[in-house]
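Enquirer: Using the sequences and the hints, build the whole thing.
The opening residue of the sequence shown carries number 840 in the working numbering; numbering runs sequentially from there.
None of these hints come from the bench; they were simulated from the model. Mixed in with the good hints there might be a few duds.
[As the list claims (entries may be wrong)] Beta-carbon label-pair distances, calculated as ranges:
#1 E882 - V986: 17 to 25 Å
#2 D931 - H860: 14 to 22 Å
#3 Q851 - K925: 34 to 42 Å
#4 S870 - A893: 34 to 42 Å
#5 G909 - V986: 32 to 40 Å
#6 G866 - R907: 18 to 26 Å
C-beta atoms are modelled at their ideal positions from N, C-alpha and C, and glycine is treated no differently.
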Amino acid sequence: MRIEDVLMAIRQHVPGCAEVHAETGEGLVYSPGAYVLVIEPAEPVTFARKGIAATPLSGWLVYAGSARGGGGIGARLRRHFRKDKKVHWHVDELTNAAACMAALAIPGGSECEIVDRLLASGLFETALAGFGSSDCRHCEAHLLRLVA
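Expert: Here is the structure:
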């Protein structure tokens, strides 16, 4: 499957998405809201943290995040698109290892609503329980994978 197909599947289930181009910055929105990162690691990334079992992550991964602070979605996505950044969030390990990556911005959106909609579509499943959702009481994870 191509990244364009994954993005199309997400847009069908999450209203208000605007594509953001990593290379040009076209489509960046600097308002608060949520975003979706579509990531394909160059090779499996083994993710291990206290409370999360060591798990290899590969294939098309979808991360739902929020950006409510200064600079909004645009600032957060610009950081995610930088190569070899210092690992601050769980998702940084995946974005640093990405062979291919794209993003969708949802001004005013909610990362939990994105996860709910994508899981309800039947096209996605939880990739790793606890990933990106340590401060969320609603979602099992904010990292999903495309169901094969």
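Enquirer: For each hint, tell me whether it holds in the structure or not.
Expert: A quick look at each hint next to the structure:
1. For E882 and V986, the Cβ-Cβ distance of about 21 Å falls inside the hinted range of 17 to 25 Å, so the restraint holds.
2. Look at D931 against H860: about 20 Å separates their beta carbons, and that is inside 14 to 22 Å.
3. Checked against the given bound of 34 to 42 Å, the beta carbons of Q851 and K925, roughly 35 Å apart, stay inside it.
4. At roughly 37 Å, the beta carbons of S870 and A893 sit within the given window of 34 to 42 Å.
5. The hint said 32 to 40 Å for the Cβ distance between G909 and V986, and at roughly 36 Å that hint holds.
6. Judged by the Cβ atoms, the range 18 to 26 Å given for G866 and R907 holds: they are separated by roughly 19 Å.
In this structure, every one of the numbered hints holds.
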